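With these hints in hand, go ahead and build the complete structure from the sequences.
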Amino acid sequence: MSKAEKTREFIIEKTAPVFNKKGFAGTSLSDITRVTGLTKGAIYGNFKNKDDIALAVFDYNVQQVFMIASSPGDNGKSAVDRLVAIANQYKDQFAGIARNGGCPILNAAVEADDELPVLKEAVKKRIASWKDRFVQIILQGIRGGEIKKHVDPDRYAVIFIALFEGGMMLSKTMGDPVYFHQSLDKMIEIVYTELKII
Numbered sequence: 001m002s003k004a005e006k007t008r009e010f011i012i013e014k015t016a017p018v019f020n021k022k023g024f025a026g027t028s029l030s031d032i033t034r035v036t037g038l039t040k041g042a043i044y045g046n047f048k049n050k051d052d053i054a055l056a057v058f059d060y061n062v063q064q065v066f067m068i069a070s071s072p073g074d075n076g077k078s079a080v081d082r083l084v085a086i087a088n089q090y091k092d093q094f095a096g097i098a099r100n101g102g103c104p105i106l107n108a109a110v111e112a113d114d115e116l117p118v119l120k121e122a123v124k125k126r127i128a129s130w131k132d133r134f135v136q137i138i139l140q141g142i143r144g145g146e147i148k149k150h151v152d153p154d155r156y157a158v159i160f161i162a163l164f165e166g167g168m169m170l171s172k173t174m175g176d177p178v179y180f181h182q183s184l185d186k187m188i189e190i191v192y193t194e195l196k197i198i
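Numbering (the UniProt record's numbering), first residue to last: 1 to 198.
FYI, nobody ran anything at the bench for these hints, they're computed from the structure.
Here the structure is a predicted model, which is why all the values come from computation and not from measurement.
Quick reminder that beta carbons are idealized off the backbone N, C-alpha and C, glycines included.
Please note that the accuracy of each hint is not assured.
The calculated label-pair distances, taken between Cβ atoms and stated as ranges, are [claimed, not checked]:
| no. | residue 1 | residue 2 | range |
| --- | --- | --- | --- |
| 1 | 162 | 89 | 14 to 20 Å |
| 2 | 150 | 124 | 24 to 30 Å |
| 3 | 198 | 128 | 30 to 36 Å |
| 4 | 150 | 28 | 50 to 56 Å |
| 5 | 132 | 173 | 27 to 33 Å |
| 6 | 28 | 185 | 44 to 50 Å |
| 7 | 174 | 120 | 22 to 28 Å |
| 8 | 37 | 159 | 41 to 47 Å |
| 9 | 198 | 6 | 49 to 55 Å |
| 10 | 144 | 115 | 17 to 23 Å |
| 11 | 52 | 162 | 29 to 35 Å |
| 12 | 52 | 182 | 36 to 42 Å |
| 13 | 44 | 154 | 38 to 44 Å |
| 14 | 59 | 25 | 16 to 22 Å |
Straight-line alpha carbon distances no greater than 27 Å define the calculated DSS-like cross-link-like pairs of lysine-lysine that follow [claimed, not checked]:
| no. | residue 1 | residue 2 |
| --- | --- | --- |
| 15 | 186 | 131 |
| 16 | 22 | 124 |
| 17 | 125 | 172 |
The structure is reproduced here in structure tokens:
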């Protein structure tokens, strides 16, 4: 990794929690220089503008959260086990996600909805990718004979994302992880009662 690449990575890592907590509009150049200890020139020597920083930071924040749901043994698990493991891993990691500002997809989606088309497009791509991940796991389960054939993978993928994001929003707003835990417990219940072949 070159010096420029290391500096860029350093800026992203240091500013990631700031953007996730304060949002795009709320994060100033002085916030960025303060947390990185770099000058304005050094920041803009590595990024074209604030939009460029925001997109890089958004991708980084999403990757950090998605890594929580991945485990080395994923490929050896059944589809049902993978879905349940994802819910449980997110529940276990809620405190860390909340401490860093909550779900970056939810945060960016709310802020970018009407005023930041570039960021909105990045959010839409990440939601589509997340949905596809759930769809592929469900299809694996249908092919493997552990998930009912009539199950609509797209529908359940959307339900799972809605449970995750809705639970996160309620828990962050109310300052109580119980909402997030209850939402993901519902996801697990759906997996066992509506998807899994008994």
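Hints and how they fare:
no.	hint	verdict
1	162 to 89: 14 to 20 Å	holds, 18 Å
2	150 to 124: 24 to 30 Å	holds, 29 Å
3	198 to 128: 30 to 36 Å	holds, 32 Å
4	150 to 28: 50 to 56 Å	holds, 52 Å
5	132 to 173: 27 to 33 Å	holds, 28 Å
6	28 to 185: 44 to 50 Å	violated, 39 Å
7	174 to 120: 22 to 28 Å	holds, 27 Å
8	37 to 159: 41 to 47 Å	holds, 44 Å
9	198 to 6: 49 to 55 Å	holds, 53 Å
10	144 to 115: 17 to 23 Å	violated, 44 Å
11	52 to 162: 29 to 35 Å	holds, 31 Å
12	52 to 182: 36 to 42 Å	holds, 39 Å
13	44 to 154: 38 to 44 Å	holds, 42 Å
14	59 to 25: 16 to 22 Å	holds, 19 Å
15	186 to 131	holds, 18 Å
16	22 to 124	holds, 21 Å
17	125 to 172	holds, 24 Å
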